[in-house]
Every structure is written in C-alpha cells, then in structure tokens.
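Working from the sequences, and respecting the hints, build out all of it.
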Amino acid sequence: MKTLEELNAISSQVRRDIVRMVHAVNSGHPGASLGCTEFFVSLYFKVLQHNSKKFEMDGIGEDLFFLSNGHISPVFYSVLARSGYFAVEELNTFRKINTRLQGHPTTHEHLPGVRMSSGSLGQGMSVAIGAALAKKQNNDDRWVFSLHGDGELQEGQIWEAAMFASAKNVDNLISTIDVNGQQIDGSTKQVLDLGNLRLKFEAFGWLVLECDGNNLADLNSTLDGAKEKSKNGKPICILMKTNMGNGVDFMMGSHKWHGVAPNDEQLKVALAQNEETLGDY
Amino acid sequence: MKNIEILNKKDTRSGFGEGLLEIGRSNPKVIALCADLVGSLKMDAFIKEFPSRFYQVGIAEANMMGIAAGLTVGGYVPFTGTFANFSTGRVYDQIRQSIAYSNKNVKICASHAGLTLGEDGATHQILEDLGLMKMLPGMTVINPCDFNQTKAATIAIAEHVGPVYLRFGRPVVPNFTLPNQKFEIGKAWTINEGSDVSIFATGHLVWKAIEAGYILAEKGISAEIINIHTIKPLDNAAILNSARKTGCVVTAEEHQKNGGLGDSIAQLLAENLPSPLEMVAVNDSFGESGTPDQLMEKYGLNAAAIVDASMRVISRKK
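Residue numbers (our numbering), protein chains in the order written: chain A, 1 to 281; chain B, 1 to 318.
Check before you lean on any hint, since a few could be wrong.
Stated by the list, open to error - Derived SDA-like pairs (lysine to any residue); straight-line CA-CA distance at most 20 Å: (1) A/Lys168 - B/Gln56; (2) A/Lys136 - B/Pro28; (3) A/Lys234 - A/Asn139; (4) B/Lys2 - B/Lys134; (5) B/Lys29 - A/Asn138; (6) B/Lys134 - A/Asn98; (7) A/Lys136 - B/Phe54; (8) A/Lys136 - B/Lys29; (9) B/Lys29 - A/Glu56; (10) B/Lys245 - B/Trp189; (11) A/Lys136 - B/Gly75; (12) B/Lys29 - A/Asn139; (13) A/Lys168 - B/Pro51; (14) B/Lys317 - B/Ser222; (15) A/Lys136 - A/Met163; (16) B/Lys9 - B/Leu178; (17) A/Lys136 - B/Gln56; (18) A/Lys234 - B/Gly58; (19) A/Lys227 - A/Gly61; (20) A/Lys168 - B/Arg53.
As the list claims (entries may be wrong) - From the structure, some residues in chain A lie toward chain B, with a derived Cβ separation under 7 Å: (21) Lys54; (22) Asp58; (23) Ser117; (24) Ser120; (25) Gln123; (26) Ile129; (27) Gly130; (28) Ala131; (29) Ala134; (30) Gln157; (31) Phe164.
Keep in mind the hints are simulated off the structure, nothing from the lab. Here the structure is a predicted model, which is why all the values come from computation and not from measurement. By construction, the Cβ of each residue, glycine as well, lies at the ideal position given by its N, Cα and C atoms.
Set out below in structure tokens:
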C-alpha cells in the first residue's frame, strides 16, 4: 500500500511525463491531464484491484476503468506505464507515426490497459455500464470506474446512460466527473451552463459524492468510500473539483491550455515546478 | 431456369427471432438488447426463455450501442435490436468509435430496412444503411434473402468474432431457401446457373430476381442468379467468375445506388473486369408512404425492373 508521500511523488513524475509528452510533439491536451493527475494516481496506485503485468481485455476479477474524455490521454498513458502496463520508454512515442499511444486512446493498437477507444465524447458511460452489467452476469463482484469531463456532460448520450444506470440498478458503477469548469471555447458557464450537477444526477437517481480532485487524501477516501457505499441499488457519481493545469502555475485555471503544448521555455518552467521522482522516460 | 419452390411465406424478422432463440439456447454468452421494439424485432421468445440475458434499454439507441460494446468486455456476445434506421444512421458515431474502431464483438441486428417498411414513410425507410456500415473497417455486412436464411445468418454471426451488421425486413415474403441451412459468411450462393447475364441480388430483391429469371427464360434468355447475402466481405471470386462467363451484370437491392451492393460490385468489376453493368436500386431519392408492393413498383425494385435492366445490359455487350 502506497503512502500519501509516495503517491505525491508519483504525481510529480506523472506531471513531468505529461508536459514532456505534449511538448515533444507540440500537440495534445495538457490542461485536464494535469488537473486529473491525482485522480489517476489514486485510482491506479491505490484504489483499483488490477493486474498490470498480465493485461486481459475481459478483466474478470479486476476493477475496470474507462476513460470517456479520451483527449486526456497523456495522463492515462503515463499512469498506465508507471503502474507497469508497458515500458515507460514507450511514452516517447506518444502521437508519433506507428505508435500504440494514439492521440486518443484506442484498443486498435492493442495497448495494454486500454479497453475501449474514446475521444468522440459522451460514449464512455454507456460502455462502462455495459462492462458493469457483464460483471453482474459473471457474478464478478469487482467495480467499474469511469471518468468524464464536465463539458462532456453536454452530450445527450450521457443522460441516456445516466437514466439507464439508475433505472436498472447498475450499482457497481462509479462514474467520476472532472469538474474543472472549462472547455475549449471558454468556461462551461459561458459556453453552455451545466447548472447544478448534484441536483441533476440526484434527479436521475444517482448517489452523488463530492471531492477535491487535486487532494490525494480526499481522493483516496472518496474513491474507497464510493466502493463502500456502492451495491445499494444506485450508481455512484463523484463530482470531482479540479484545477485545470494543476501543478504548473501558468497553466492553472484557464481553458487556454486545454489543447496547447508548452514551448521550450515553458517546458523548463513546468519541469522546475515538478520534481523528477521516478526518473524521466 | 430452375424451378424454385416456395416453402411458405414469412417475414425475415421472424427468422431473426427464431435464430436468436436457438443461438441463445446453445451459447450462454449471447445477450440481447432492444430499444423499445421487442415485438417488431420478434425478440419475445428469447426474452421469455432468458429474461436475465435481456436488457430493455428504452428509446435510447446511442446508449444501447455503448452498453453492447461494454458487455463484450467480460466475454459476452450482445445482439442489439431496433429498426435499421435507428441501428445505423442514428448511432453512426457510437458504432464507429465504440464498436468498429474498438473491434468489439457486437451484432447489430436491424429490422424494417428499406422501402418495404411501408406506410410509416421515409423517416423510417433507411436506404443508406448498407453503405454506412460497409464503409466501416472491420465491419461484416449481411442482408439475407428470406426467413430461413435470416435464421441461419443469425446463428452464424454469433460464432463469428467481430462486429456484424445484420439487415432484415418487415413484410411477409416467399421463404424458399433450405430450412436449417448452413450459413457461410462471405460466400455467394448461386441459385440458378445461366450464360447470358449475371444477376447479383441481395435481401428481398433475391426473390424478385428469381421472378425476373422466369420472365427472361420465356424470352429465351439464360440468367445466372446469385444471392449475395454478404455485402462485406464480398465474394469477389464468385462475382468475377460469373461476370467473366456471362459478360454483363445486373445488381438488385433495396437500397440507394450510392453505397450499396451495386456500388461494391461496380468497384470490383472496374478494378478487375470492366463489364456492362446496370443497377436496380433507389436512385438518390427518399421513400414515402404506401404498401410495400406499391413502393417497390414505384421505385423500380421489382421483377419487371430487373428484366428491363437485363435486356439493356445484354444489348450493351460487345
């Protein structure tokens, strides 16, 4: 079991991976990747029961995770590599020709740890529900987790899925929403106000939890707590407040770093703010 | 022209329903999903026998496709059921990303395809579905011709690993292929051997092609009639062999010319064996309300249209 200190050290390295990956190809999505770093570290290094050494698509007996907002692939790839699904050196191939680390995650290149292609938004909750139903069919008592952007909730399919999950008691599903309040064209408030997400999910029949997505202690207890509160007939939604660009001061809190890579100078600044703890790839 | 016996008359969707029940009995991994059209898709018998292996998704087809994709993670073989329009155009991006690109073992089963849906009109009469589905890399596309073949195809696709689009229809039509036949995906079936013209037909148009064959025989024309139940992968060898023998080709389908079977065969011939070709298909038009027979006549999808196309194409032979 990793200590909070160890998880913080991993997070620092993951943030370095993220900015280095997007800088190397001058493309990719650093903002929400940085914002969700602690979530991924908590999930993959503490919460999930998973076998990173022998990846099986069906994941029988394992907890499963589906990334619905696939554009934050840098943090996903970094954490998959750092938790042992593939060699960290492969992060060097991100978005390059012939890579398994496509711009958006895919099963097409058979990258261990990825169970579904994502990128076109709004589809991952339905997929996670399907996987959760398969777990019930298999009498497999592990959980299915998913992550969604808050802007992604503007897609209608999310609400089809949300309605289904409670109506059909998909109570082994824990869906987290990255509430960073930003999307490509500006703040979610300006673009299309999401309104009160707690009331919306509660009205759809979900148990709603909230946490600080940039606080590892809070994440650990909320995610573990979600497991304890699950399997009571309701799916669980975690509204996770994050700071986009967290850990890199000039990227924080702005939609401008949604899909823009840092230049050489900015990279230096970003790396100086995040210690190399596990060795750069 | 060989005499083809009509065994009885049944709807192809009932063939799907029987096939689903049968494969459900032998394969415990088969799961069914439906978006509020259980009766239309003839899924009742499966649901009655396997209630825990059925998910009623409600009127939410996008969600249904995603759930089906997710169910494959865990080893299941999901069959989705709704009308062809809602199985394809409505959910194209869900199929593209979560099923085709993700290479998930989902069977997309689509009823009420084409004009023969009838009175509900153009909103429901999709004539573009074969094209939409065949363009997706890795997607298998099947359009069987009658009840028995639809049942056999339903059983066969459960054994095939990979995404499949299975298209069938609403009306009661002649059932003339063998009961309990073995369905081979991608294998064309030669119904009648001939020497003057090759008629490649799919779905409901296969019986119309047989009717055309009788009329052509009376005119002294020997038509080779081939059932192309699998649009993709296309049986290239069978098509090229027949076209080489007869020297001209007619295609027949309940679909737009653009993107349909004729389009696939035209591409194959243009690349390998340029031959005179006539397509019996809907010509860049939406459908409308009417009885199936009225619509098939108005839009030129009947035996008379196949006969006319055959005469034209034969006259174009050098």
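Unmet hints by their number, sorted upward, for this structure: 4, 6 and 21
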